[in-house]
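S.K.: Model the full structure from these sequences, guided by the hints.
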Amino acid sequence: MENPIIRIQNLGKEFKTSAGQVRALDDINLDICQGEIFGIIGLSGAGKSTLVRCINYLEVPTEGDVFFEGKSLKQMTGAELRKTRRSMGMIFQQFNLLAQRNVMKNVCFPLELAGVSKTEAKRRAMELLETVGLKEKAEAYPAQLSGGQKQRVAIARALATNPKVILCDEATSALDPNTTKSILSLLKEINKTMGVTVIVITHEMSVIESICDRVAIIDQSRIAEVGRVSEIFSEPKSKIGRQLILGDAAGQVKFGDSKQLRIIFDGRESEEPVISNLVLACKVPVNIMYAQTRDVGGTAMGQMIIQLPEDKTDGERVLHYLDTVKIPYEEVREHDI
Amino acid sequence: MTFDGATLQMLKTGIWETFYMVLLSSLFAYVIGLPLGIVLVVTDDGGIHPIAWLQKILGTVINLLRSVPFLILLFIVLPLSKIVIGTRIGSPAMVIPLTIAAGPYVARVVESSIREIDGGVIEAAKSMGASDWQIIRKVLLPECRPSLLVGAALAVTTILSYSAMAGFVGGGGLGAIAINYGYYRYEAGLMWVSVILLVVLVQIIQEAGMKLSRKGDKRIR
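For the protein sequence lines, the chains are A and B, in the order given.
Using our numbering, count along the first sequence one by one with no gaps and you end on 337.
Using our numbering, count along the second sequence one by one with no gaps and you end on 1221.
It should be emphasised that the hints constitute simulated quantities derived from the structure, not laboratory data.
Do not rely on the hints blindly, as some may be mistaken.
As the list claims (entries may be wrong) - Capping the alpha-carbon separation at 35 Å, the derived lysine-lysine pairs in DSBU-like fashion look like this:
(1) K105(A) / K1215(B)
(2) K83(A) / K122(A)
(3) K71(A) / K118(A)
(4) K1218(B) / K122(A)
(5) K312(A) / K283(A)
(6) K1218(B) / K188(A)
(7) K137(A) / K83(A)
(8) K16(A) / K83(A)
(9) K1218(B) / K181(A)
(10) K1138(B) / K1012(B)
(11) K137(A) / K1138(B)
(12) K118(A) / K74(A)
(13) K83(A) / K118(A)
(14) K1211(B) / K1138(B)
(15) K1138(B) / K83(A)
(16) K181(A) / K1138(B)
(17) K105(A) / K1211(B)
(18) K1211(B) / K188(A)
Claimed, not checked - Chain B residues, not near chain A, derived (Cβ > 12 Å throughout):
(19) L1011
(20) F1019
(21) I1038
(22) L1073
(23) I1122
(24) L1141
(25) G1182
(26) R1185
(27) Q1203
(28) Q1206
(29) E1207
(30) G1209
If you're wondering where the values come from, they're calculated on a predicted model, not measured in any experiment.
Heads up, the beta-carbon is just placed ideally off N, CA and C, and yes, glycines get one too.
M.R.: Next comes the structure, spelled out in structure tokens:
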């Protein structure tokens, strides 16, 4: 990556609590490229909310540094930092709109802070409200809006100062599935049309799946793995990655004594009758324990867990077949999932 | 008891004295208490600009002042009135002890109003590059305006009841009438009239505060 818009370097964060030191983040290194939608996923308590707050220095890291367009946030004075924050919009799970201001004035708020003239702020706010489809609600107050509408106002507000990055902290976690979908597609549209880099923090795999280009999986304060969403979905390497992506397989597969294999399909192989060919070629039956396909970035991704016959030579024949046709597979044991 | 012209005139003067004593004291109490209340929240651990020692000292001083009974405070502070206003009796002299008693109270009322604001909103303002001063002016105060108004009604009625006590030490107003005529001269009728007038004043202030608060609150659909 030549020019990451955000570079997170050896970042660590410790909190002092009554129970002693708590390590929320440990040695985090991430490069986020200009124009991508980058996901950060983890279970609750993994440190992802702290991480996103370190990106705009709402939380000051105890170790390491964050660079925005090559400039160290650590070195910045208070005024420089506030100015930089205007280049990084942020939206929240609870929307955090000003309850005593109407929609229009909420969107004008960051412009007011930046010292933009009232008429100019109003013009820009109207433009943004049109983008998010809430022009007719300009005079309404937050209490009169639905959750999805509130988040749209929050997005318009975050965009007001023409930021280069938008940080989304669990932005869809308080919304129902349909509203989530529409908010996500709005974010994607903003990313495409305005070229705004979007960083999405979530605990929902479906959010990552539907909009992200790359993803980092965070677990116990550390980055477990980073990569393109399609790669991580087809072949999660870390334990937490498997748990997050293949999680629902765990409950459904009962492990017998014989060997079990996970077969991974990328887009090409899902069009071939892999299992049928295998059975025909090896002349042994296999037991399909679990199968799943997903649409990731337009290509079908999938995985299947099959159980081999008890007979050792039969099993080896299947493995040999998979090797020769170059279908990726791996052995699964109970503790792997 | 007879309600001749002189009595009525006296009651009118009493109402006027009570009115300006309470108005001036409330005004000064807010001039002192509002900034103090803001500082208490802002400098607190987890506030937008934590300064532990300042918070601690302010909190202690406010608690000290608030724990002195108002009548005792009156006696302690009246010499100060003599210096500032030139006299230690009459309604103007009472404004000083009233302000000193009510200032810390107002600070606590304002503090609790500001603390009601959701931390997420402050965080959002920070993420937009707001300075501490901008957060105070454009987020904290406007967002808790309805609560501040309810608090103001509470504070002003408290000041009103304090002002009635000032009658004991030579202050004026309705309280003085109730004490001087009702208590010292056994004119129960006049005492009750003064008390009823005080009750009516409290009702008016309380209602006005609540109405203003509700009317300005945009959280209500």
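S.K.: Decide, hint by hint, whether the structure agrees.
M.R.: Tested hints:
1. Using a Cα cut-off of 35 Å, the hinted pair K105(A) and K1215(B) holds, with the two alpha carbons roughly 19 Å apart.
2. At roughly 21 Å between alpha-carbon atoms, K83(A) and K122(A) fall within 35 Å of each other, so this suggested pair holds.
3. Distance restraint check for K71(A) and K118(A): the Cα-Cα separation of roughly 31 Å lies within the 35 Å cut-off, and the hinted pair is therefore satisfied.
4. With a C-alpha separation of about 20 Å, the suggested pair K1218(B) and K122(A) falls inside the 35 Å cut-off, and the hint holds.
5. For the proposed pair K312(A) and K283(A), the alpha carbon gap of about 14 Å is at most 35 Å, so the pair holds.
6. Between K1218(B) and K188(A) the CA atoms are separated by roughly 32 Å; this keeps the pair inside 35 Å, and the hint holds.
7. Between K137(A) and K83(A) the alpha-carbon distance is near 29 Å, which keeps this suggested pair within the 35 Å criterion.
8. Distance hint between K16(A) and K83(A) is fulfilled; the C-alpha atoms sit about 29 Å from each other, no more than 35 Å.
9. The straight-line distance between the Cα atoms of K1218(B) and K181(A) is roughly 29 Å, inside the 35 Å bound, and the hint therefore holds.
10. This hinted pair does not check out: K1138(B) and K1012(B) have alpha carbons roughly 42 Å apart, beyond 35 Å.
11. Straight-line distance between C-alpha atoms of K137(A) and K1138(B) comes to about 22 Å, which keeps the hinted pair within the 35 Å bound.
12. Between the alpha carbons of K118(A) and K74(A) the distance comes to roughly 33 Å, so the proposed pair stays at or under 35 Å and holds.
13. A threshold of 35 Å between alpha carbons decides the hint, and for K83(A) with K118(A) the separation of about 19 Å falls inside it, so the pair holds.
14. Distance check on the hinted pair: K1211(B) and K1138(B) sit about 23 Å apart at the alpha-carbon level, within 35 Å; holds.
15. Simply put, K1138(B) and K83(A) have alpha-carbon atoms about 18 Å apart, close enough for the 35 Å limit, and the pair holds.
16. Using a Cα cut-off of 35 Å, the hinted pair K181(A) and K1138(B) holds, with the two alpha carbons roughly 33 Å apart.
17. A distance of roughly 24 Å separates the Cα atoms of K105(A) and K1211(B); the hinted pair therefore holds under the 35 Å criterion.
18. As the CA atoms of K1211(B) and K188(A) are separated by approximately 45 Å, the hinted pair breaks the 35 Å bound.
19. Under the 12 Å C-beta cut-off, the non-interface status given to L1011(B) relative to chain A holds; the minimum distance is some 41 Å.
20. With a minimum CB-CB distance of about 31 Å to chain A, F1019(B) clears the 12 Å threshold, and the non-interface call stands.
21. Against the 12 Å criterion, I1038(B) stays outside the reach of chain A, whose nearest CB is about 17 Å from its own CB.
22. For L1073(B), the non-interface assignment is confirmed: its Cβ lies about 36 Å from the closest Cβ of chain A, beyond the 12 Å cut-off.
23. Not every CB of chain A is more than 12 Å from the CB of I1122(B) (nearest about 9 Å), against its label as outside the interface.
24. The Cβ of L1141(B) sits about 10 Å from the closest Cβ of chain A, inside the 12 Å cut-off, so the non-interface label is violated.
25. At roughly 45 Å, the least C-beta separation between G1182(B) and chain A is larger than 12 Å, which holds for a residue marked as non-interface.
26. Every Cβ of chain A is farther than 12 Å from the Cβ of R1185(B); the closest lies at roughly 52 Å, confirming the non-interface assignment.
27. Q1203(B), annotated as away from the interface, keeps every beta carbon of chain A farther than 12 Å; the closest lies near 27 Å.
28. The Cβ of Q1206(B) lies farther than 12 Å from every Cβ of chain A, with a closest approach of about 22 Å, so its non-interface assignment holds.
29. With a least beta-carbon separation of about 22 Å from chain A, E1207(B) lies farther than 12 Å from that chain, consistent with its non-interface assignment.
30. No Cβ of chain A approaches the Cβ of G1209(B) within 12 Å, the least distance being about 17 Å, so the stated non-interface status holds.
Violated hints, in rising order: 10, 18, 23, 24; the structure is consistent with all others.
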